[in-house]
Amino acid sequence: MSDGVVPHPHAAPPDSADSKPVTLAKALNMSLRAAMDEDPKVIVMGEDVGKLGGVFRVTDGLQKDFGDHRVLDTPLAESGIIGTAVGLAMRGYRPVAEIQFDGFVFPGFDQIVSQVAKVTYRSQGAWSMPLVIRIPFGGGIGAVEHHAEAPESFFCHIGGLRVVACSTAQDAYDMLRAAIACDDPVVFFEPKRRYWEKGALSLTDAALTDAALTDAAAERERPPACFSSVVRRPGTDVTVVSYGPSMPILHAAADAAATEGRSLEVIDLRTLSPLDLGPVLESVRKTGRLVVVSEAPRESSITADIAARVTEEAFYSLAAPVLRVAGFDTPYPPSRLEEDYLPDLDKVLDAVDRALAF
Amino acid sequence: MSDGVVPHPHAAPPDSADSKPVTLAKALNMSLRAAMDEDPKVIVMGEDVGKLGGVFRVTDGLQKDFGDHRVLDTPLAESGIIGTAVGLAMRGYRPVAEIQFDGFVFPGFDQIVSQVAKVTYRSQGAWSMPLVIRIPFGGGIGAVEHHAEAPESFFCHIGGLRVVACSTAQDAYDMLRAAIACDDPVVFFEPKRRYWEKGALSLTDAALTDAALTDAAAERERPPACFSSVVRRPGTDVTVVSYGPSMPILHAAADAAATEGRSLEVIDLRTLSPLDLGPVLESVRKTGRLVVVSEAPRESSITADIAARVTEEAFYSLAAPVLRVAGFDTPYPPSRLEEDYLPDLDKVLDAVDRALAF
Amino acid sequence: MAAVPGSPESPGSPYHPTTARDAAARGAAGLRGQPTPSEVIAGLRATSHGDDLVQLLSPEGTLTAHEDFPFEVDAELLRALYRDMVLVRRFDREGNALQRQGQLSIWVPLLGQEAAQIGAGRALRPSDMAFPSYREHGVAWCRGVDPTQLLGIFRGTDHCGWDPKATRFNCYTIVIGNQVLNATGYAMGQRFDGAIGSPEADGESRNEATIAFFGDGATSQGDVHEGMVFAAAFDAPVVFYCQNNQWAISEPVEKQSRVPLWERSTGYGFPGVRVDGNDVVACLAVTHWALEECRSGNGPVMIEAFTYRMDAHTTSDDPTRYRLADEEQHWKLLDPIERVKVHLSRQGMADQEFFDSVGAEADELAARFRAHCIAMPKPPPERIFANVYSEPHHQLAEQQAEYLAYLASFEGDHDAATPGQVTR
Amino acid sequence: MAAVPGSPESPGSPYHPTTARDAAARGAAGLRGQPTPSEVIAGLRATSHGDDLVQLLSPEGTLTAHEDFPFEVDAELLRALYRDMVLVRRFDREGNALQRQGQLSIWVPLLGQEAAQIGAGRALRPSDMAFPSYREHGVAWCRGVDPTQLLGIFRGTDHCGWDPKATRFNCYTIVIGNQVLNATGYAMGQRFDGAIGSPEADGESRNEATIAFFGDGATSQGDVHEGMVFAAAFDAPVVFYCQNNQWAISEPVEKQSRVPLWERSTGYGFPGVRVDGNDVVACLAVTHWALEECRSGNGPVMIEAFTYRMDAHTTSDDPTRYRLADEEQHWKLLDPIERVKVHLSRQGMADQEFFDSVGAEADELAARFRAHCIAMPKPPPERIFANVYSEPHHQLAEQQAEYLAYLASFEGDHDAATPGQVTR
Ligand SMILES: Cc1ncc(C[n+]2csc(CCOP(=O)(O)OP(=O)(O)O)c2C)c(N)n1
Ligand SMILES: Cc1ncc(C[n+]2csc(CCOP(=O)(O)OP(=O)(O)O)c2C)c(N)n1
Ligand SMILES: [Mg+2]
Ligand SMILES: [Mg+2]
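Residue numbers (numbering that gives the first Met the number 0), protein chains in the order written: chain A, 0 to 357; chain B, 0 to 357; chain C, 0 to 423; chain D, 0 to 423.
By construction, these hints were calculated from the structure, which means they are not laboratory data. Every clue listed holds true.
Think about it this way: if two alpha-carbon atoms lie no more than 30 Å apart in a straight line, the pair counts; the simulated DSSO-like pairs of lysine-lysine are:
{"#": "1", "chain 1": "B", "residue 1": "Lys19", "chain 2": "B", "residue 2": "Lys63"}
{"#": "2", "chain 1": "D", "residue 1": "Lys164", "chain 2": "A", "residue 2": "Lys40"}
{"#": "3", "chain 1": "A", "residue 1": "Lys40", "chain 2": "A", "residue 2": "Lys19"}
{"#": "4", "chain 1": "A", "residue 1": "Lys25", "chain 2": "A", "residue 2": "Lys40"}
{"#": "5", "chain 1": "D", "residue 1": "Lys164", "chain 2": "D", "residue 2": "Lys377"}
{"#": "6", "chain 1": "C", "residue 1": "Lys164", "chain 2": "B", "residue 2": "Lys40"}
Some chain A residues close to chain D (C-beta under 7 Å, calculated; not the full set):
{"#": "7", "residue": "His68"}
{"#": "8", "residue": "Met89"}
{"#": "9", "residue": "Arg121"}
{"#": "10", "residue": "Asp182"}
Pairwise CB distance ranges, derived in the manner of DEER restraints:
{"#": "11", "chain 1": "C", "residue 1": "Arg124", "chain 2": "B", "residue 2": "Gly124", "range": "23 to 29 Å"}
{"#": "12", "chain 1": "D", "residue 1": "Ala370", "chain 2": "B", "residue 2": "Asp182", "range": "56 to 62 Å"}
{"#": "13", "chain 1": "C", "residue 1": "Arg320", "chain 2": "A", "residue 2": "Asp254", "range": "37 to 43 Å"}
{"#": "14", "chain 1": "C", "residue 1": "Asp317", "chain 2": "D", "residue 2": "Pro270", "range": "38 to 44 Å"}
{"#": "15", "chain 1": "A", "residue 1": "Tyr315", "chain 2": "B", "residue 2": "Lys197", "range": "43 to 49 Å"}
{"#": "16", "chain 1": "B", "residue 1": "Asp182", "chain 2": "D", "residue 2": "Ile373", "range": "51 to 57 Å"}
{"#": "17", "chain 1": "A", "residue 1": "Ser18", "chain 2": "C", "residue 2": "Ala165", "range": "58 to 64 Å"}
{"#": "18", "chain 1": "B", "residue 1": "Tyr315", "chain 2": "A", "residue 2": "Glu338", "range": "31 to 37 Å"}
{"#": "19", "chain 1": "C", "residue 1": "Ser315", "chain 2": "A", "residue 2": "Pro233", "range": "36 to 42 Å"}
{"#": "20", "chain 1": "C", "residue 1": "Gly296", "chain 2": "D", "residue 2": "Glu360", "range": "56 to 62 Å"}
{"#": "21", "chain 1": "C", "residue 1": "Glu410", "chain 2": "B", "residue 2": "Lys197", "range": "56 to 62 Å"}
{"#": "22", "chain 1": "A", "residue 1": "Glu338", "chain 2": "C", "residue 2": "Arg320", "range": "28 to 34 Å"}
{"#": "23", "chain 1": "D", "residue 1": "Ser315", "chain 2": "C", "residue 2": "Pro270", "range": "39 to 45 Å"}
{"#": "24", "chain 1": "B", "residue 1": "Asp182", "chain 2": "A", "residue 2": "Leu355", "range": "40 to 46 Å"}
From the three backbone atoms N, C-alpha and C, an ideal C-beta is built for every residue, glycine too.
Take these sequences, add in the hints, and give me the full structure.
Following this line, the structure appears as structure tokens:
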């Protein structure tokens with residue numbers, strides 16, 4: 000892993016004793032459980048996270064085993080969830096707050112902007128804010144309104160937060176451990192339509208440490224961070240980057256492109272704020288072409304930011320402008336139209352073609 | 000005005016009977032008054048907008064003249080202000096809601112994301128949403144926390160909203176009239192540190208009509224829109240664009256650059272969502288260099304979006320990457336540090352130098 | 000209502016069966032996935048409403064008058080209410096079935112809440128305005144929204160299949176509680192328009208009112224509070240109609256409040272009433288009264304309709320994880336339809352023929368509902384871009400044109416490309 | 000308290016002097032920038048608190064016991080409270096003066112609210128936690144925050160000049176009401192830690208409580224509601240301390256509520272008390288009681304301290320635009336400091352020497368406050384990037400390095416460049 004390249008997650012997991020295929024949801028559950036086992040200050044809170052185990056069962060069984068002091072079914076109010084989590088963090092807890100669906104984070108937006116992100120700054124470091132806000136995000140599950148949004152760009156625009164998105168079971172486990180261990184607030188996006196996809200999960204100690212996660216970063220001699228981006232599959236012709244739910248599409252695109260003799264380099268951003276552009280720049284200096292894929296609308300978004308920064312920092316390397324495959328600038332459509340709305344294999348390949356045609 | 004170039008606002012106003020210098024705040028006040036005079040469905044609501052006339056006096060005298068049915072001092076709750084304005088709009092009113100300061104819009108964010116922006120879409124057009132949300136924004140006034148923010152990028156990321164910012168007294172008047180006349184929700188940003196700066200205001204009928212505002216747009220044969228961007232000052236070497244409070248800095252930079260024999264083309268975006276990139280692209284095709292200036296933090300921002308889109312659409316015209324002069328990715332600092340945080344003449348000139356050095 | 004074990008006045012913590020101290024006392028080992036005894040009591044307790052419940056038609060079918068809420072009840076009215084409830088329940092069950100058969104992504108059942116919804120819905124005049132949450136299929140029925148128009152939301156073909164302006168029944172709102180503020184604003188507009196407080200002429204008046212529907216869980220949201228604050232501040236003619244169905248997904252109402260929900264109104268200085276939400280007559284009478292209060296200028300008013308969600312939260316939910324079948328059984332005895340039927344029969348107000356004809360009508364409705372559902376096509380991709388704005392928007396026009404051109408580029412493909420699948 | 004004209008029980012609309020109907024009745028012409036008669040009455044009415052006000056020390060200086068809130072009051076305590084209030088008022092006035100002289104961008108005066116704040120502040124133990132709004136200079140004083148540490152916020156050199164963790168006095172919160180949820184969360188943590196409800200040993204206990212300060216205007220915010228909902232749901236040991244100073248900038252409390260604010264608590268099922276906020280003894284006794292309730296596990300509790308903002312909202316505000324001098328005059332008679340002085344003198348508990356020494360101490364404090372303020376330097380630009388995160392952050396490190404390099408690039412300039420001015 001030290002070269003920043005990890006195995007193709009669709010490849011069969013290594014058949015060793017310490018690695019087994021689990022769903023992404025289960026990996027998150029195991030991660031929470033391990034963190035709670037280790038540190039009594041870790042608590043889980045949200046709507047229906049207790050006996051129900053969350054609507055996606057990510058907190059399944061935790062209340063049963065840790066008690067209703069540590070797994071709190073809260074009143075139905077997101078500002079209340081975030082706002083009390085802030086107070087609990089001040090008291091020394093490490094709350095992991097669940098927002099039930101992406102579209103329901105907005106009633107808590109003021110607490111996130113005005114308290115979560117600013118408490119440490121305002122207090123000149125007296126308060127740290129070790130709070131994780133878990134948000135199942137993205138579309139593709141045929142859901143009703145407000146259940147399929149990609150609000151990550153809002154949070155990337157807020158100084159004082161860290162924003163990450165996991166895409167594999169292993170990352171789900173490791174990144175959530177790291178997020179909980181982090182003394183800064185982390186908005187943790189979970190690709191809900193991938194919850195039931197299985198991937199290898201290895202629980203070796205190395206995977207648990209921050210160090211392993213920042214290995215690649217450290218080697219590039221950048222400051223330590225909880226999270227780093229990673230090259231999932233090396234390639235030479237076009238760089239394609241995304242995060243969370245679209246990662247399998249990128250792998251499929253790389254497969255499809257390979258059959259046409261085109262080599263795509265696939266990068267999983269993992270951290271959305273701060274961006275870890277090192278691997279992306281390195282790749283673009285090689286390929287000269289970049290396609291950024293995300294379900295989020297385009298205007299003032301994370302994809303715009305990546306395009307702007309990569310262009311600024313690798314201007315002379317680019318043979319084509321950075322192209323984006325992203326949501327339209329509309330509200331999320333009725334779900335029977337979501338396949339038109341969302342990035343998919345064809346759209347990614349089309350963008351790759353266009354990048355190569357420049 | 001038909002060529003999209005308007006006179007330098009710092010130039011002396013034409014000394015005609017129908018034009019007089021007024022402050023930007025006064026122009027807004029006159030605009031509200033004229034709209035209320037014309038249409039009894041226009042109502043003003045917010046905290047302290049009544050007898051006090053708003054903390055910036057933009058609504059001064061309106062309650063006195065139109066009554067407390069049409070100028071509502073509301074309870075102290077922003078979600079309440081926006082949420083009831085939505086209901087009033089459904090009832091046939093055209094509410095103009097004031098948010099007292101930029102940093103206080105966030106308690107109302109859910110109503111904006113989930114109702115204001117989506118009501119028309121959800122109802123398949125049965126409801127229109129003729130609601131204006133006025134927000135004094137930006138720094139430079141030596142204020143305490145939450146009173147100096149530039150949250151416009153959040154709103155640009157929301158499909159279903161229109162987002163605009165005025166920078167002159169004339170635009171303040173015309174654009175607010177147009178925003179109130181628009182059947183879509185408009186988030187209307189007012190550059191609070193320019194409230195007391197005077198500019199020419201002409202109340203000829205032409206200025207009042209939508210048509211005048213979209214003249215330039217119409218000529219470029221794009222669909223009609225409430226708002227359009229405008230070249231404030233023609234130039235040949237570097238294009239500098241901004242909006243709202245930073246516009247005077249751009250003019251000063253153009254003056255300073257001229258003394259060194261460099262010619263800057265100055266563009267006032269006015270509309271932030273949708274962007275009206277026509278004038279910007281036209282300019283960049285000529286200059287090959289673009290500097291975007293904004294007080295907002297960089298990540299996932301409006302400046303990123305402009306950089307991304309201009310690069311995509313004018314890739315071969317660019318001799319340098321689009322450079323940004325923007326806020327840092329921190330919370331807004333204590334006000335004694337704001338001159339370090341905000342764009343200023345030196346920073347703009349430095350960026351112009353860097354663009355030219357590419 | 001039948002007496003139940005576990006009186007709310009029992010010592011301990013009637014509204015707080017699972018306080019930390021309880022939990023500490025029994026230790027973490029006390030939590031074993033099954034409801035604890037105190038939770039069982041709490042669940043049953045919820046069936047005991049206290050003395051403050053307004054009831055006109057008992058579960059046993061006995062009709063009595065209520066001095067505060069006089070209301071003329073005749074056989075025709077009762078038959079009509081019975082028919083409403085049976086038809087609504089029937090298509091609601093069909094919604095569940097359609098979901099099970101893969102025709103709908105999800106269905107949100109109203110089972111058990113027919114009386115609370117039909118009572119409120121039938122109290123409304125056409126000129127009144129209603130703001131539902133997402134479970135108000137019964138109110139939709141009363142507003143003249145055809146049940147088939149509800150299907151699009153759950154089949155994913157639209158976000159709202161009726162005209163909220165023409166029907167004066169707003170689109171469903173899914174973000175919990177935030178429609179309450181919109182309702183308050185609308186009611187403020189009614190007041191500003193002078194549409195309240197004018198004298199009646201010929202028993203008719205042009206006075207209007209608004210009603211906002213929300214659940215027990217919603218009462219915790221800041222927006223519901225702000226709605227009440229604004230309504231009180233502006234004397235808005237709005238009825239806050241809370242269907243307390245005892246559950247917010249897996250959370251019992253005790254998680255939201257220590258005290259009965261109608262008491263919230265006292266903190267704002269307007270009246271609140273708790274009505275038996277399984278008694279359609281009481282719901283009608285109390286809502287009628289509340290709307291009249293609003294129309295005559297004495298709004299706002301709060302109503303807590305004390306009822307029960309007899310089915311799962313939605314078809315995606317599994318209530319066996321968090322509540323006991325006993326509780327559901329208990330509430331079956333309080334069924335909102337049964338008591339009307341008993342009364343109609345016992346009083347000779349309806350015969351078997353009537354019941355049969357309503358049953359047949361219900362089956363027809365269900366068949367039409369089903370047929371309509373299955374025939375609903377995927378909307379065209381243009382719909383993604385339609386009605387985002389009321390006025391033209393060049394950016395979306397460009398995105399639409401670009402996307403349609405992209406789709407068209409597949410049309411020449413030999414393998415009859417379906418976008419979204421590999422077509423190369 | 001003195002009787003005033005315009006009884007709250009007068010018919011018409013005691014809490015709604017400017018309803019639409021009023022306005023319609025007098026027409027738009029009735030609005031002329033000056034308060035209307037009904038507004039004058041409302042303003043004065045606000046001084047009449049109803050029967051429910053807890054008062055121990057009358058405006059005339061008479062001390063009586065209150066059976067619900069027994070509290071031992073001796074001369075030493077009264078002298079200490081007097082000194083607190085005088086010192087706090089003195090530096091508050093100095094804050095105003097410093098703003099007028101351009102040394103501060105703004106000052107938020109507490110004038111008139113000394114008793115409400117000192118009473119509450121002195122009821123706290125060091126182990127308790129306090130969450131202020133932005134006007135709580137008196138509470139800061141009680142928490143051991145040096146008045147000079149308050150200056151940075153208003154001079155623009157910091158967002159919080161004290162250690163909120165060490166002092167157990169959180170940073171000021173400017174977004175109205177949102178600290179109330181943070182306070183509730185902190186109190187939940189106190190409960191989860193077992194820091195409430197344990198038996199006293201030697202009159203000492205390790206029990207803790209939290210207090211949240213907010214204004215009358217803040218009660219309308221959703222976050223304050225949610226704070227109360229969560230506190231009730233989790234039995235959090237938090238005192239909701241609302242200083243009703245009758246105004247939220249230009250809006251009288253009648254815009255926020257029809258009924259006294261303490262009554263909100265009844266809607267959530269916990270106790271509420273209205274205390275004379277200009278009576279430092281009553282504020283102390285009632286807050287002491289409320290904190291004890293919380294510490295022993297009976298939280299939450301709400302207190303409405305009925306007081307008056309005797310100065311402008313801030314130094315930027317002009318209250319002559321919205322309220323009459325008469326109203327301010329009336330409240331001068333109810334001054335919180337004067338009644339303690341009268342009592343101390345009349346009872347022979349303090350002599351002129353004492354009053355003089357307190358006055359001298361106040362002047363010294365003011366001088367130190369002023370000197371400190373004037374000497375406060377502009378912070379270095381690095382401060383922009385400091386403490387945004389607790390852990391290292393490469394992106395900000397880069398932005399900082401870039402900016403400092405940019406600044407350094409000016410250093411060679413002949414005209415001793417000041418960044419932000421033209422230096423070329
Ligand atoms: C703001 C928000 N948070 C969370 C949800 C997810 N959610 C949907 S329904 C529901 C429970 C609602 O309970 P209640 O208000 O009692 O209404 P009921 O479903 O019982 O009719 C929740 C938590 C949501 N829709 N909106
Ligand atoms: C969310 C929010 N909206 C608006 C403001 C602007 N504002 C500052 S103080 C104030 C009035 C507060 O009144 P109140 O709660 O009674 O407290 P007081 O100032 O009287 O102590 C307002 C509207 C703010 N700070 N925060
Ligand atoms: Mg419910
Ligand atoms: Mg106040």
